[in-house]
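With the hints as your guide, set chain B onto chain A.
2 protein chains.
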Amino acid sequence: MKRSLGAKTILYPAPVLVIGSYDKEGRANAATAAWGGICNSEPPSLMVALRESRYSFESIQFRKGFTVNVPSETHIAEADYFGMVSGRKVDKFAATGLGYERAENVDAPFIREFPLVLECRLSRSIDLGSHYELIGEIMDIKVDEDMLGERGLPDPELMRPLIFAPVFRKYYGIGNYLGEGFSSGRRFIETHE
Amino acid sequence: MKRSLGAKTILYPAPVLVIGSYDKEGRANAATAAWGGICNSEPPSLMVALRESRYSFESIQFRKGFTVNVPSETHIAEADYFGMVSGRKVDKFAATGLGYERAENVDAPFIREFPLVLECRLSRSIDLGSHYELIGEIMDIKVDEDMLGERGLPDPELMRPLIFAPVFRKYYGIGNYLGEGFSSGRRFIETHE
Numbered sequence: 574m575k576r577s578l579g580a581k582t583i584l585y586p587a588p589v590l591v592i593g594s595y596d597k598e599g600r601a602n603a604a605t606a607a608w609g610g611i612c613n614s615e616p617p618s619l620m621v622a623l624r625e626s627r628y629s630f631e632s633i634q635f636r637k638g639f640t641v642n643v644p645s646e647t648h649i650a651e652a653d654y655f656g657m658v659s660g661r662k663v664d665k666f667a668a669t670g671l672g673y674e675r676a677e678n679v680d681a682p683f684i685r686e687f688p689l690v691l692e693c694r695l696s697r698s699i700d701l702g703s704h705y706e707l708i709g710e711i712m713d714i715k716v717d718e719d720m721l722g723e724r725g726l727p728d729p730e731l732m733r734p735l736i737f738a739p740v741f742r743k744y745y746g747i748g749n750y751l752g753e754g755f756s757s758g759r760r761f762i763e764t765h766e
Numbered sequence: 574m575k576r577s578l579g580a581k582t583i584l585y586p587a588p589v590l591v592i593g594s595y596d597k598e599g600r601a602n603a604a605t606a607a608w609g610g611i612c613n614s615e616p617p618s619l620m621v622a623l624r625e626s627r628y629s630f631e632s633i634q635f636r637k638g639f640t641v642n643v644p645s646e647t648h649i650a651e652a653d654y655f656g657m658v659s660g661r662k663v664d665k666f667a668a669t670g671l672g673y674e675r676a677e678n679v680d681a682p683f684i685r686e687f688p689l690v691l692e693c694r695l696s697r698s699i700d701l702g703s704h705y706e707l708i709g710e711i712m713d714i715k716v717d718e719d720m721l722g723e724r725g726l727p728d729p730e731l732m733r734p735l736i737f738a739p740v741f742r743k744y745y746g747i748g749n750y751l752g753e754g755f756s757s758g759r760r761f762i763e764t765h766e
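If you're matching them up, the sequences are chains A and B in order. In my numbering, each number is its position in the first sequence, counted from 1, plus 573. In my numbering, each number is its position in the second sequence, counted from 1, plus 573.
One chain only, chain A, in its complex shape (with noise of 0.2 Å):
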């Protein structure tokens, strides 16, 4: 039996995603949004949605570029944090220790200890009303070399991405292995047709 729990922004899993930009006076700042993946292939494509109120947003506007880096369990404080303050009042990288690099093609810092970073540009800011969807090209993806498994590509069980429930407000862990896709789905096709 199913109940209504009425217009609610539930949907699991959600990302950890920390937005990494440079205000106008270029201070590097780290910001923490739930809301957010990938929305295109051609050309390569995610979305953020921020307030307009959030420094970040500011920044981006301003710099027509940011970054997305995916923290691992070992962060979870920092990101947690990250999400807690503004960077309009604190040096978010000062409080933590974490360390920053300037990224190769867009006009932003990534995070030094973060082990997958998304640089992107600022395609498109899309008002929705209380949230602006920002649409970044992904000029480039970078990756901890240690975190690479299959054909190349990072591998979630190395990387240990956080796993955010909205609303519920509770981190998790990655789980077990499931399987692949476009593959368990074979038996239906089979017993069909």
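Please note that a few of the clues may not be correct.
To be verified - As a list, the in silico DSS-like pairs of lysine-lysine whose alpha-carbon atoms are at most 30 Å apart:
1) A:K637 x B:K575
2) B:K662 x B:K637
3) B:K637 x A:K581
4) A:K575 x A:K597
5) A:K637 x B:K581
6) B:K637 x A:K575
7) A:K581 x B:K597
8) B:K575 x A:K597
9) A:K575 x A:K662
10) A:K637 x A:K597
11) B:K575 x B:K637
12) B:K597 x A:K575
13) B:K597 x B:K662
14) A:K597 x B:K581
In case anyone wonders, no lab produced these hints; they're calculated from the structure.
Just chain B now, kept in the frame of chain A:
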């Protein structure tokens, strides 16, 4: 040391979303997408990225509504299958034996056996190149009663949603509980201020 992998659409975790729609003739269809998520809070909205060529795209434009159904681990084969074949040719409900019901708030079917359903009114279709972002205003969410946990919200440890790794093409389960949001980061606030 980080290695450049070029402009790839790799971002972990991605959700496994099964889109429910009725076609012009009223036949129920289910199609899997990994690119989507919440994108706005007022009005509560989500986005799903679909190619224009997909049958569901056409149906959703016609019906102005769709459902987003989140499968549990137990339905990995069905969820995978829903992304492998087109509803233009096959009755996917007949093939898998899953059932559906008409949504209350939109002209679309939802999947009876999946624990979480979001009923969405199509509010915008945004052309991003290869894909369209379908923005859906969330009219209601429905959850199996036995999946409700703390504060009457769906508990991911009970729901066991699938987690997808795009490009790497593997499914994972949800892992260990790691911590509360807006909580573990507090130690940097106390340390620094």
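Each hint, compared with the structure:
no. : hint            : verdict
1   : A:K637 x B:K575 : holds, 23 Å
2   : B:K662 x B:K637 : holds, 22 Å
3   : B:K637 x A:K581 : holds, 20 Å
4   : A:K575 x A:K597 : violated, 49 Å
5   : A:K637 x B:K581 : holds, 20 Å
6   : B:K637 x A:K575 : holds, 23 Å
7   : A:K581 x B:K597 : holds, 29 Å
8   : B:K575 x A:K597 : holds, 27 Å
9   : A:K575 x A:K662 : violated, 45 Å
10  : A:K637 x A:K597 : holds, 11 Å
11  : B:K575 x B:K637 : violated, 44 Å
12  : B:K597 x A:K575 : holds, 27 Å
13  : B:K597 x B:K662 : holds, 14 Å
14  : A:K597 x B:K581 : holds, 29 Å
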